[in-house]
Structures are given as structure tokens and as C-alpha cells.
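S.K.: Chains as they are written, first to last, in numbering that gives the first Met the number 0: chain V, 0 to 225; chain H, 0 to 197.
The set of hints was computed from the structure by calculation and includes no laboratory data. Heads up, the beta-carbon is just placed ideally off N, CA and C, and yes, glycines get one too. Take the hints with a grain of salt, since some may be wrong.
With beta-carbon atoms standing in for the labels, derived distance ranges [claimed, not checked]:
#1 A27(H) x L154(V): 18 to 28 Å
#2 L26(H) x K109(V): 21 to 31 Å
#3 R119(V) x A27(H): 22 to 32 Å
The following residues of chain V were derived to be distant from chain H, with all beta-carbon distances above 12 Å [what the hints assert, rightly or not]:
#4 R9
#5 A14
#6 T21
#7 L61
#8 T99
As a list, the in silico SDA-like pairs of lysine to any residue whose alpha-carbon atoms are at most 20 Å apart [said to hold, decoys possible]:
#9 K109(V) x K193(H)
#10 K75(H) x V40(V)
#11 K109(V) x G10(V)
#12 K193(H) x A3(V)
#13 K27(V) x E132(H)
#14 K75(H) x R5(H)
#15 K27(V) x L126(H)
#16 K75(H) x K27(V)
#17 K27(V) x K193(H)
#18 K27(V) x D126(V)
#19 K27(V) x D147(H)
#20 K75(H) x K109(V)
Listed here are the chains, written in short residue letters.
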Amino acid sequence: MDEAPHRIGRGVFLATVAGGITSLLWGKTVWDHVSRAVSPVESLVPLVPSGGWRIYTVSGSLPGFDHATWRLRVDGHVRKPVSLSYRELLALPKAEQVSTFHCVTGWSVKDVRWGGVRLRDVLAQADPLPSAHALEFVSAERPYVDSLTLEQSSLRDVMLAYEMDGRPLSRAHGAPLRLVIPEMYGYKNVKWLAGINLVPRALDGYWEQLGYDRDAWVGRSNGYGA
Amino acid sequence: MSHYVRRFSRTERVLHWANAVGFFFLLATGLILYLPSLAVVVGRRPLIQTMHFWSGVGWVALLVLIALAGDRRGLKQFAREVDRFDRDDLRWLLGRRPAPQGRLNAGQKLNVALTAAFTLLFLVSGLLLWFGERDTRFRFASTVLLHDGLMYVALALLVGHLYLAVINPTTRHALRGITLGTVDTEWASRHHPKWRRE
Chain V
0 MDEAPHRIGR
10 GVFLATVAGG
20 ITSLLWGKTV
30 WDHVSRAVSP
40 VESLVPLVPS
50 GGWRIYTVSG
60 SLPGFDHATW
70 RLRVDGHVRK
80 PVSLSYRELL
90 ALPKAEQVST
100 FHCVTGWSVK
110 DVRWGGVRLR
120 DVLAQADPLP
130 SAHALEFVSA
140 ERPYVDSLTL
150 EQSSLRDVML
160 AYEMDGRPLS
170 RAHGAPLRLV
180 IPEMYGYKNV
190 KWLAGINLVP
200 RALDGYWEQL
210 GYDRDAWVGR
220 SNGYGA
Chain H
0 MSHYVRRFSR
10 TERVLHWANA
20 VGFFFLLATG
30 LILYLPSLAV
40 VVGRRPLIQT
50 MHFWSGVGWV
60 ALLVLIALAG
70 DRRGLKQFAR
80 EVDRFDRDDL
90 RWLLGRRPAP
100 QGRLNAGQKL
110 NVALTAAFTL
120 LFLVSGLLLW
130 FGERDTRFRF
140 ASTVLLHDGL
150 MYVALALLVG
160 HLYLAVINPT
170 TRHALRGITL
180 GTVDTEWASR
190 HHPKWRRE
């Protein structure tokens, strides 16, 4: 033998690195196309485990939930502080919606079926004072908290969800109640909701104190779409 | 006449096993972060995340240190072997036989090139995830897709690698080479005739 060898190993290495690095720019677009193409059969052939959900927590363990003792407290700048039991919550008019959940880190879950109550039905009971211009959502997972202005919270598809995809909200997703605001990234969608405080103005939540945007509009905040 | 012939140097073997141990630890901690069912059972996400990040940094640092402290000339020779594919290597990849192979067959060369590229990409995307959580300048919508995608392809490669190394009867003798360093002379002549002829 031998003819001059082909220098393939280095080529494979460099091409893979180049493809991987540039995918930071095209990866999500391609992935969105692929997942749209397979979405008709995705229930049969799931592309990713658990529909693409990841469970983000900030503390050592996930808060538990006891039907008997759980309460949602609505307090702060209100005329009538409210403390709702789980049963009282379920007795409120039920709202349902299908919306996409976007995480600020780049993953999304399409067509999540939420069931729950509209915020206004809960707030009406507490009768907010004119000085209340924002809502602070307190999680049972300490020290997680986040807030919305009253205007943001009155977007049409904002809800307090106790059902996901036809089943009671699981512990991983914030049982028994979480905030859903599809227009904003997941970190605004507070899980394990324990209380809502009406406050004069919106405050920085958990991730916002770590540098994330308070107005977390999907595609228009946190360095995206700037 | 010796019954066994040395196939992998100490540096090559230490590098392989440091890579393997690091990969399995990162895979385990990474899956806890990735799979909801595991995340719920284990909890302690901030701790797992910190362990995952620092073991990833430590993993790459360890590989670099081993390479620097070990037989560098041997590793350069190894890199040359991985780089160069002769006509028989290409025939081997296309499934044509006979296609006598050297110390590394063409599939092993590809595995090394891909694994090295994946390691670098895991590092880059992991650093971007870590720093992107702290600074929007490092934030890309596709970073998490790249990091997860790498996990899937690396896992597929690993499954094939493990099958050939510990299950497939004709190839699993290679495990001896990467643990003890030596392989049976007769096996080497059959699977890597060009190397034996050198």
C-alpha cells in the first residue's frame, strides 16, 4: 500500500463542534419545525420525556399539600382579607384554557390544558382598595415570590390553575394551585401558591432579584428579541 | 513469544476511565435535573445543579491535566491515528470486507472524534447555561436544546460502545485492552491486522 490517508478524524471533530456551536443560533427554530411536524403523532411517539417539562425548584424539597389544611390567603391592600379552602376554591366558576408554556431557558411545552379560576373571581371577594396596583404571589416554596401589576394580571388568559391536562395539578407542577400567565416566562407562573398580597406596586420576585426581568414577556425580555 | 500485546498506554487508559467516571456522574446528576419524575423524588435541585456544574468543570479539567501530565507524545500519536483514515478504513465504514484495520478501527476513530467534540460542546453549552442564568449576554434560546441534544446522541453512542465492549462476543475482548492495557495477540491479529504488521 498505501495511498495518502484522508484526514477525517479532525474533520469530523471540527464539523461537529462547528455544528454544535452554530446550533445556538438555529437550534430552536429547527426544533420548533420538527416538533410541529411530529405534533400530530406526538401522543404516540413522544419526542421528549414528560412532554418536555422540567421541574425547577429553588429549595431543598417540593412543598406538600394537605386538602384539609391548605388555604389561599388574599391579603394586603384589600377591604376583606380572604382565606379560601381547597373546596371553596373548586366551588368558584371554573375556567379552562389551552396555552403554551415558555421557560426563559429556552424550552417550551405546547398546548397545555389548564383548568382553574380567573383571578378576578378571587379578587372580587377580597375587594381591593384603590391603593392596590399590583399583586404579589407568594409560594409555599420559600423564599419564592413574584408579582404582576394589576394590568398584567387582568390579561384574558391569566388564571389560577388547579388542573393540568385534565388532572389535578401534580405536586411537581405546584399542587394544588399555581399562577398561569402564558404571555410571560415560566418564572412568573408561581407554583405552590399560598397567598396573594395586594400591594401598591410590583416588586422584584425571586429570579428578578437575581437579574431576570420583572416584565417577563415571552420573546421580548431577558435578552431575547431585543 | 508473548501471549499478549500492549494496545493502550497507561495515559490512554487513565484518560478513558476518567472520562467514563465523569460522564456517568454527569449523566446521573443531569438526569435528575432533566427528568421530572427523578426531580420530584430527589428534590434538592440547587444542590444537584451545583454538583452537576462543578463536576462538569472538574471533569474537563481532569482530562486536560491527565493529558498534560501523561505521555503527551503518545497522545499526539493517538490523535494522528484518529485523524487518518486510509482506504481500508473507508471500506470498513461502508461495510465492505476485507478491510484490515489498524490499532483503532474506523468506528473507534469516529467514536473518539465525536466524543471529543461532544465533550467540548457539553462544556461550552454547560458554561453558557450556568452563566446565562446570571447574565443575559450569555443567554441563547437554544443552549438548553444543544445541551440536551448532546446528551441524547452521547447516550446513543455510549450504548453502542458498551454493547461492543462488554456484550458482543467477538469484540468484548477489547475490554481487557482498556483495563489491563494488553490484548491477546491472536485476537489482535484478527481484528487489527495492520497494527500487528507494523
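S.K.: Flag every earlier hint the structure violates by its number, smallest first.
M.R.: 1, 3, 4, 5, 6, 7, 9, 10, 11, 16, 17, 18 and 20
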